[in-house]
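Residues per chain, in single letters:
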Amino acid sequence: MITLEHVSKAYSAGVPALNDVNLEIEEGEFVFIVGDSGSGKSTLIKLLLKELDPTEGTIIINGKYLNKIHRRQIPKFRRNIGVVFQDFRLLKDRNVYENIAFAQKVIGEPSSRIRKRVPMMLSMVGLAPKYRSYPRQLSGGEQQRVAIARALVNEPKILLADEPTGNLDNNNAWEIMKLLEEINSKGTTVVVVTHNLEIVKVMKKRVITVKKGAIVGDSKKGDYSDED
Amino acid sequence: MKINTLVYSLVQGIKNIGRNKMFSIASAATMSACIFMFGLFYILVTNFTGMVKEAEESVAVTVFFDSGLTDEQIKTIGNQITKRAEVANCVYVSADEAWEYVKENYFEGKEELAAAFEGDNPVANSAHYEIYLDDVEMQASLVQYIEGLAGVREVKKSEAVANTLSDFNRLISYVSAGIILILLCVAVFLISNTVTVGISVRREEIAIMKLIGATDFLVRAPFVVEGMIIGLVGAVIPLVLLYILYGRIVGYINDRFDFIGSMLNFIPENRIFHGLTPIAVLLGVGIGLIGSIWTIRKHLKV
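Taken in order, these protein sequences are the chains called A and B. Just so you know, we're using our numbering here: the first sequence kicks off at 1 and counts up by one. Just so you know, we're using our numbering here: the second sequence kicks off at 1 and counts up by one.
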């Protein structure tokens, strides 16, 4: 599903953000990517979204070679990847329903499908009663749920979550993780970048450790410990 | 393109104007101010050009003939002159008509003096053509041509007037081209600045759209619709203002200042706005369109 072969990324002539990374993530997997600040985690996510191009190496997602995707084809490629950010990135001037519907409108989905899908997603993330609320009227956890609903409304095969619990308290963080696990159980491949090691240990999923731009650890389900 | 996408872009463009009221008002006001200045200048230049044209049309070249020329020969000369492209009008004045003119203008109240010449036209050799030009700048070439015609005794021209009008015409063209260029640059600069502010406020929205999988067209379209609507509004407001003001000011000058009114022939507002309206609307919508496309371009690289 996601393959990285000898991928390097350098922003300038200095130290590379990623250095000769090789990685294979299977369809339906739940993977944590952990590492300190500046280790290259966010660069990895940006490469997977084709926000950035690698300096060297090959990235293959859903069978597509990213270096062969033309700029015009990027939107279509991204529709197969849902993305969630630490700061939610919701549209503040639109309510919950409109934020989720926005993701369908921008890809030209017909209104009938939007009317069917959005309530379904709202129920899934447990926010059906709050569909008219604006982001400022929601808690951090609720805003992240809206962001997840928006990321999944177009039924992507992969969900990338960049520090999804970074702005949340412990309870909300766990709620979000449970939601991501539930999404994964329905077949979506989930990749979560986090520095919350407590969650990582308890969840017992595959954990990839990045340090100074290189993968220094790849633990199978439940094998991860702090010392890795 | 899907109908849904088109409808979405139109609706979003209109909604964006409402969502960013202050930005929309600022942009439309900037556009209005620029187009108002442009319109004002257009009106001044059009009136000036009209007045100069009128003055040009009153400048005539007079052609006298050798004595003893038959009517047929004079007619041939007239035909040769009329065929020239620079000639707007060619009027034949016979010796009798010339004498009538002299009597009316120089012997008014002294008719007994004029009567002394009865039967002996003192300007018998003054039959001539009065030639009015399309463009006073062409006077020299026309005069040169006529002087070369057989049977032409003398060509009288008002070189000083022609030169002054030509220079004035050239000055108006240069000044108007310069001012229009400056106004356009100012308009594009101010509008692209306001559009930049408007877009930078929504940079996050654009980034989210791009990450969700929106095409460049879909990201750009609502901004373009918004820019075009603001441009249209920014053109219509000064047009209405100028229409009202022009009618009132011309009416006021004609009513209150008879002297100026009789000297200056203002171009009717219908004729002015027949030309100004499409230019102003195109300018407003065009600047809105180009400004939004240009400004959003750099935000699409996500």
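If you're looking for bench data, these hints aren't it; they were derived computationally from the structure. Just so you know, even glycine gets a beta-carbon here, dropped at the ideal spot from N, CA and C. Be careful, since some hints might not be right.
As the list claims (entries may be wrong) - If you want the ones that stay clear, here's a sample from chain B, every Cβ over 12 Å from chain A, calculated:
no., residue
1, ILE3
2, THR5
3, LEU6
4, ASN16
5, THR70
6, ILE77
7, PHE117
8, GLU205
9, ILE253
10, ASN265
11, GLU269
Claimed, not checked - In silico EDC-like cross-links for lysine to aspartate or glutamate, where the CA-CA straight-line distance does not exceed 20 Å:
no., chain 1, residue 1, chain 2, residue 2
12, A, LYS46, B, GLU112
13, A, LYS76, B, GLU54
14, A, LYS92, B, GLU204
15, A, LYS211, A, GLU175
Q. What are the numbers of the hints that this structure violates, sorted from low to high?
A. 1, 2, 3, 4, 8, 12, 13, 15
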